[in-house]
Amino acid sequence: MQGRLIHFIILENGYDTDLVVGNAIISLYASCGLLKDACSVFILMVNQDIVSWCSLILGCVEYGYNTKALELLERMQQECIEPNRVTFLYALRACANMANLDRGKLVHINLTKQGLESDIFIGSTLVAMYGKCKCIKESRKVFDCLRTRSMVSWSAMIVAYIENGNNEEALTLFHGMKEQGLEPDKGVYACVLKACGTSKSYDGAFVHIDAVKKGFDLDLSVGNCLINMYSGLGSLDDANKVFDTMPVQDVVSWLSMIEGNIKNNWRQKAFFLFDEMLKYGIKAEATIFVGILDACSQVLRVCDGMLMHSEVVKRGFEINSSIVKSLVFLYASCGHICDAWCMLEATSNRDVTLWNVLITRCSESGHNKDAVKLFQIMQHDGICGNRITFLSVLKSCSMLEQLEQGRLTHAIMTMNGFLSETSIENALLHMYSQCGSIHDTCKVFNIMPKRDVVSWSSIIFVHAKHSDFVKASESFELMQKDGVEPNEFTFVSILYACCSLAEIKQGLLLHHYIIHAACESNLHVGSVLCDLYCMCGSVDDACQLFDMMSERNVVLWSTILSLGVKHRYDKEVLSMFQMMQMEGIEPNEVTYTLVLISSANMCNLDFGKYLHMELSKRGYDLDTFTGNTLVDMYAKCGSLCSAFSVLATLHERTLVSWNALISGLADHGMLTSVLYCFVKMQEKGIKADSGTFVSILSACSHEGLIEEGFIIFESMDHYDVCMSHEHYICLIDILGRAGFLYEVEACIYEILMQPDWLIWMTLLGSCAKYNNVDVGYRAFHVLVKSACKKDAVYVLMSNIFSANKMWEDAKNVREMYEG
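If you use full-length UniProt numbering, the sequence shown corresponds to residues 1 to 819, in order.
Treat the hints as calculated values from the structure; they're not laboratory data. Using N, Cα and C, we set each Cβ at its ideal position, and we do this for glycine too. Certain hints may be false.
Stated by the list, open to error - List time: in silico BS3-like cross-link candidates among lysine-lysine, alpha-carbon distance up to 27 angstroms:
hint	residue 1	residue 2
1	Lys68	Lys36
2	Lys481	Lys443
3	Lys200	Lys213
4	Lys241	Lys269
5	Lys314	Lys369
6	Lys263	Lys213
7	Lys481	Lys137
8	Lys141	Lys609
9	Lys369	Lys395
10	Lys113	Lys134
11	Lys283	Lys213
12	Lys279	Lys314
13	Lys790	Lys566
14	Lys269	Lys214
15	Lys269	Lys283
Unchecked claim - Ranges of calculated distance between the beta carbons of each label pair, as one might list FRET restraints:
hint	residue 1	residue 2	range
16	Tyr620	Gly187	23 to 33 angstroms
17	Gly366	Glu311	48 to 58 angstroms
18	Tyr719	Lys481	52 to 62 angstroms
19	Gly436	Tyr719	30 to 40 angstroms
20	His466	Tyr742	27 to 37 angstroms
21	Gly64	Asn84	14 to 24 angstroms
22	Glu364	Leu182	23 to 33 angstroms
23	Thr422	Asn349	24 to 34 angstroms
24	Cys603	Asp756	40 to 50 angstroms
25	Arg85	Ile209	36 to 46 angstroms
26	Gln298	Cys32	35 to 45 angstroms
27	Ser322	Asn97	48 to 58 angstroms
28	Met579	Gly64	24 to 34 angstroms
29	Gln298	Ile120	51 to 61 angstroms
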């Protein structure tokens, strides 16, 4: 009021045209937050100088009108008034407050032109601005270029590191600052202790000792940071000691202690402290409940949160918007979506922030259907949503592959002008690519004014998903021409295209690029590269890559195990599985299935039983593939009762399930059981295939059942199963085992298809059993003529001659083999 009165007197006396007086009035109004009045005076001034502009810009920044401040700076420069040091300082603060990196860089360029970059205050503000804009490399670059560094510069760099999660670097800088002879103030100590708490670094104890030496531990803010740090480390005794020795405790001190006890599961102590706080005359305000409820959310302590909810109701805070927000967040975080919705529904002021809390938590915790449903209700309530809403909903649409809902969300965003940000456009690209809509993905991509690595990676991914390696490669090349460096996701996408289309050569070329980009050791990239080497059968390269990976998850282990299974390195597979468990990697169902295959191949029943027990212990339902593998393992190991038992528990018994059992029974010569299963599978509507008949014929062969074998062989036509080499080999084996060698020979010549070496080899084996020189020699002659290099051919023929005391002929065969 006094200021307005003075202004009125100035106007009455005609002093308002004076530049100095006008500037003083602008400064007065701006410092009081009366920016409209300040602007009115500014506009009515005949002339404005640097002080006029600077006063107005300063007021805008101080009271949060950052965009207006930058607009004024731009207008000022357009009117050819050079900004001074103070103007630039406040312009940088405005950019920092908005986290506007582009405008911040522009201000940086302008002040550099005026040679102000080396100014210690400008430099410190630049460091802080880049830190706020999440551009920590630029922060450090500016800091390193400062000729002299003050306490403010060091503090700004330490804070920048902490704000960007680089807590170790902040601690290193803190020690570096002390080495330079600068003594940090209590503000720096508070920041560093906060960093130690966040990163759970035990270096905080040494910082505490330092703070005690300087007497800073008695400072309220330092004490509160110490409580937070020790609580974060789980050292509640130390936190209590700090709390008890503090000369003064404020609401933050009490809240830090309560939160620390909740997070460390000392719930009784937490509620005791809450009661003690009230006894000490600290009023239970909304901020306290918000802090406690948020602590419960972080450690998912829904029961404690509910108790605090009852306290909220007792004190009449249930309508407080901040508390409602915290309650919604608590219930949604703990998976109590209905309770969270009830809180939201009971609130009269359901603004976009509250909706966002629930939708975002649903999306992040995997309740994607709920997130989409809530978004639809929100739209029905007439609330459009904002950037946070749309990012969460698009993520849920991606996870659910709900293309139509994604398109509808896109339309709402377009109508409300939310497509100007790269992050929003990237979320759209990701959603369309996950939903498999190449048309929509390309449409969004083509109209994007600015494309970053996420944009390019999404377009490469959608082409890879549609097995279009050519377009995926073209996009990869265009991305590099555009000056965008690929990241891990880009490499995974393009390698995925190589794997899906068996573009092995291209994949190997990409490997060289990946090495150059230093992404080879990335877990996801390494997994796909291993997959690629597995596809081309390059065992050594895959194993070498696997060994050099610093981090290995279950996917990578499963990839390398699948390579071992494929190449029948069964013993190594079992050893690697045990190594995997020793590394603390929890196997999944795929891993167990792969190791079961190797156990079956080795007929290692004990290990197979152990794997079955582990699957049951972990609550894995036996899906068709795992169940079939178990049936096969038990059948191959001769544990036929267990094989039957597993088959009976399968939800779905496929042809593979029955064939696995029939094959095992056949291997153990149990023809009656084989035929029983054959009948049963037909009763279940499962049609026999080529493999089924191979197993049945094999069982007939083991039992020497010629007539039954012929009947089954001839019945194959009835089942629309084409006769293959394997079936003829089984038939020949049946006849050969029974000694019908001339009939076998005649049968071979009657086969319509060209008989291969295995058929003749089977006949030769039967001739060796019955010492038949006549048929045996003809089979031997055919095999030698077909250039069969098998040792067994010569050994069998030599044995036939020797058994018939044809020593010279046996010698000739041996000489043929050796020659």
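Hint check:
A threshold of 27 angstroms between alpha carbons decides the hint, and for Lys68 with Lys36 the separation of about 12 angstroms falls inside it, so the pair holds. Proximity of Lys481 to Lys443 is assessed by CA-CA distance (about 21 angstroms); at most 27 angstroms being required, the pair is judged to hold. At roughly 23 angstroms between alpha-carbon atoms, Lys200 and Lys213 fall within 27 angstroms of each other, so this suggested pair holds. Among the hinted pairs, Lys241 with Lys269 is consistent with the structure: their alpha-carbon atoms are about 15 angstroms apart, no more than 27 angstroms.
A hinted pair counts as satisfied when its Cα atoms are at most 27 angstroms apart, and Lys314 with Lys369 does not qualify at roughly 34 angstroms. Among the hinted pairs, Lys263 with Lys213 is inconsistent with the structure: their alpha-carbon atoms are about 30 angstroms apart, more than 27 angstroms. Distance check on the hinted pair: Lys481 and Lys137 sit about 24 angstroms apart at the alpha-carbon level, within 27 angstroms; holds. Note on Lys141 and Lys609: the hinted pairing is violated, with a Cα-Cα distance of about 61 angstroms set against a maximum of 27 angstroms.
A threshold of 27 angstroms between alpha carbons decides the hint, and for Lys369 with Lys395 the separation of about 11 angstroms falls inside it, so the pair holds. Distance restraint check for Lys113 and Lys134: the Cα-Cα separation of roughly 24 angstroms lies within the 27 angstroms cut-off, and the hinted pair is therefore satisfied. With a CA separation close to 34 angstroms, the supplied pair Lys283 and Lys213 exceeds the 27 angstroms bound. Restraint check for Lys279 and Lys314: satisfied, since their Cα atoms lie roughly 17 angstroms apart, inside the 27 angstroms limit.
Distance hint between Lys790 and Lys566 is fulfilled; the C-alpha atoms sit about 24 angstroms from each other, no more than 27 angstroms. Distance hint between Lys269 and Lys214 is unfulfilled; the C-alpha atoms sit about 32 angstroms from each other, more than 27 angstroms. The hinted pair formed by Lys269 and Lys283 meets the criterion: a straight-line CA distance of about 19 angstroms does not exceed 27 angstroms. About 54 angstroms separates the C-beta atoms of Tyr620 and Gly187, a value inconsistent with the hinted range of 23 to 33 angstroms.
Evaluation of the 48 to 58 angstroms hint for Gly366 and Glu311 yields a failure: the beta carbon distance comes to about 30 angstroms. As the Cβ distance of Tyr719 to Lys481 is approximately 59 angstroms, the hint placing it in 52 to 62 angstroms holds. Checking the proposed 30 to 40 angstroms range against Gly436 and Tyr719 shows it holds: the Cβ atoms sit about 39 angstroms from each other. The hint said 27 to 37 angstroms for the Cβ distance between His466 and Tyr742, and at roughly 60 angstroms that hint is violated.
A C-beta distance of roughly 23 angstroms is found between Gly64 and Asn84, which places it inside the suggested range of 14 to 24 angstroms. Look at Glu364 against Leu182: about 42 angstroms separates their beta carbons, and that is not inside 23 to 33 angstroms. At roughly 32 angstroms, the beta carbons of Thr422 and Asn349 sit within the given window of 24 to 34 angstroms. Between Cys603 and Asp756 the Cβ separation comes to about 28 angstroms, which falls outside the hinted range of 40 to 50 angstroms.
At roughly 40 angstroms, the beta-carbon separation of Arg85 and Ile209 lies within the given 36 to 46 angstroms, and the hint holds. Between Gln298 and Cys32 the C-beta distance comes to about 40 angstroms, which sits within the given range of 35 to 45 angstroms. Our hint of 48 to 58 angstroms for Ser322 and Asn97 is violated, since their Cβ atoms are close to 22 angstroms apart. Between Met579 and Gly64 the beta carbon distance is about 58 angstroms. The supplied range of 24 to 34 angstroms is therefore violated.
The beta-carbon spacing between Gln298 and Ile120, approximately 39 angstroms, falls outside the hinted interval of 51 to 61 angstroms.
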